[in-house]
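The primary structure of each chain is shown beneath.
Protein chains: 2
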Amino acid sequence: MSDTRNAVILLSGGLDSATVLAQARSQGYACHALSFDYGQRHRAELDAAARVAVQQGAVEHRVSRLDLTMFGGSALTDTRIAVPEQESVGIPITYVPARNTIMLSIALAWAEVLHSRDIFIGVNAVDYSGYPDCRPEYIAAFETMANLATKAGVEGQQLRIHTPLMQLSKAQIIALGTTLGVDYNATVSCYQADASGLACGVCDSCRLRRQGFVEAGVTDATRYVTAR
Amino acid sequence: MSDTRNAVILLSGGLDSATVLAQARSQGYACHALSFDYGQRHRAELDAAARVAVQQGAVEHRVSRLDLTMFGGSALTDTRIAVPEQESVGIPITYVPARNTIMLSIALAWAEVLHSRDIFIGVNAVDYSGYPDCRPEYIAAFETMANLATKAGVEGQQLRIHTPLMQLSKAQIIALGTTLGVDYNATVSCYQADASGLACGVCDSCRLRRQGFVEAGVTDATRYVTAR
Numbered sequence: 000m001s002d003t004r005n006a007v008i009l010l011s012g013g014l015d016s017a018t019v020l021a022q023a024r025s026q027g028y029a030c031h032a033l034s035f036d037y038g039q040r041h042r043a044e045l046d047a048a049a050r051v052a053v054q055q056g057a058v059e060h061r062v063s064r065l066d067l068t069m070f071g072g073s074a075l076t077d078t079r080i081a082v083p084e085q086e087s088v089g090i091p092i093t094y095v096p097a098r099n100t101i102m103l104s105i106a107l108a109w110a111e112v113l114h115s116r117d118i119f120i121g122v123n124a125v126d127y128s129g130y131p132d133c134r135p136e137y138i139a140a141f142e143t144m145a146n147l148a149t150k151a152g153v154e155g156q157q158l159r160i161h162t163p164l165m166q167l168s169k170a171q172i173i174a175l176g177t178t179l180g181v182d183y184n185a186t187v188s189c190y191q192a193d194a195s196g197l198a199c200g201v202c203d204s205c206r207l208r209r210q211g212f213v214e215a216g217v218t219d220a221t222r223y224v225t226a227r
Numbered sequence: 000m001s002d003t004r005n006a007v008i009l010l011s012g013g014l015d016s017a018t019v020l021a022q023a024r025s026q027g028y029a030c031h032a033l034s035f036d037y038g039q040r041h042r043a044e045l046d047a048a049a050r051v052a053v054q055q056g057a058v059e060h061r062v063s064r065l066d067l068t069m070f071g072g073s074a075l076t077d078t079r080i081a082v083p084e085q086e087s088v089g090i091p092i093t094y095v096p097a098r099n100t101i102m103l104s105i106a107l108a109w110a111e112v113l114h115s116r117d118i119f120i121g122v123n124a125v126d127y128s129g130y131p132d133c134r135p136e137y138i139a140a141f142e143t144m145a146n147l148a149t150k151a152g153v154e155g156q157q158l159r160i161h162t163p164l165m166q167l168s169k170a171q172i173i174a175l176g177t178t179l180g181v182d183y184n185a186t187v188s189c190y191q192a193d194a195s196g197l198a199c200g201v202c203d204s205c206r207l208r209r210q211g212f213v214e215a216g217v218t219d220a221t222r223y224v225t226a227r
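Residue numbers (numbering that gives the first Met the number 0), protein chains in the order written: chain C, 0 to 227; chain U, 0 to 227.
Simulated from the structure, these hints should not be mistaken for lab results.
Any given hint could turn out to be false.
Identical chains share a label here; the pair holds if one copy fits it or two copies do between them.
Dumping the calculated EDC-like pairs for lysine to aspartate or glutamate here, alpha-carbon to alpha-carbon at most 20 Å [to be verified]:
1. Lys150 <-> Glu136
2. Lys150 <-> Asp117
3. Lys150 <-> Glu86
4. Lys150 <-> Asp203
5. Lys150 <-> Asp77
Chain C extracted, bound-state conformation (with noise of 0.2 Å):
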């Protein structure tokens, strides 16, 4: 590999955050891997990610623990508030305060840290879930402020934010990470997964995703809790 520059991946143990690693890794970055325990309801995402990362080739896997239950405020991070089981208007329940700006700042810590100027996220504005922190102008602000707020930038080395799925459909992502050679079947996208990642079938994340793999036309080996 010619080029070893070190980029910071944010793993969730999804579907996008696999191809988005996939993605750096064809690039020739040294993948350092970061996934996030924030009390978040679906926890086998978790053990995805672990798998993720090893099959991928990331250079280290590394999770931050930082409990967002103590704010609450979504379906994912208070147990009280159940998760959509049918399409809902506007941003829905499972939007969690702040996620994406936590993660990415955390992100650039760490980034600075390894003198990496690149951070990899699978942001996705087509097929998303209504989430303000997933939309092009929000990354863009992003990486505005991480350059004002770093010595790195203030050095001149100017820190990018990489959204490589931004503008594709779910389907368009299965289609380019099988082409890399990601293994969907080690992902858990369900927001509501039991703890040995079985999926629900009927949240929004389940839906986005069987229906990517239909359109792609690339056998979907999702294994879910019942037959729906």
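Based on these hints, arrange chain U on the given structure of chain C.
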């Protein structure tokens, strides 16, 4: 109090943030104080934060745990790096990569859950320590990003990052706090304070603090490890 808007106040336990909390209270905000246990060398500041929150009538005080020692890269989060005891040139080694960005991001999450549009932080561009994330252009960029990141921002409720100390000298901050009834004896500024809160007297933070009291003509009751 006619105005009971919620505000999130970043409270380190030092002199500056104690003054900010008093200022926000004097403006009628219901103050939700937020501190961080990030593995900092000077843990005595967390005890100080708890004292200050009570003294200054915060509605509540929460401590968010987040391990920044997993990345290191600063004299405050890596015990192998010594705290400088002479003035340095450029960005000092006590700079913690992305610290203010991480703290403001987590404050943003809490603010959103509280339906608060106001976050207060005691950054300062005058007597500051050379940290990039204490400059007004950084704060402005964070505010822009925050309004794109959040549900409230999308719905047109503009969030504001208040920096009431930005243009004040350390002496002016102490004078302001004194008129607002801040008990500076409760605060800890030293980067290497011992467990009981005794200050070293020679780090950047101690020097700025000591000089501030002298210039403000206010009695300095800071307790030092040894008379230097």
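A quick look at each hint next to the structure:
1. Lys150 <-> Glu136: Cα proximity of Lys150 and Glu136: across copies only (14 Å, versus 24 Å in one copy).
2. Lys150 <-> Asp117: within (15 Å within a copy, 27 Å between copies)
3. Lys150 <-> Glu86: Between copies only: 18 Å across chains, 44 Å inside a chain, cut-off 20 Å.
4. Lys150 <-> Asp203: between (40 Å within a copy, 18 Å between copies)
5. Lys150 <-> Asp77: between (36 Å within a copy, 17 Å between copies)
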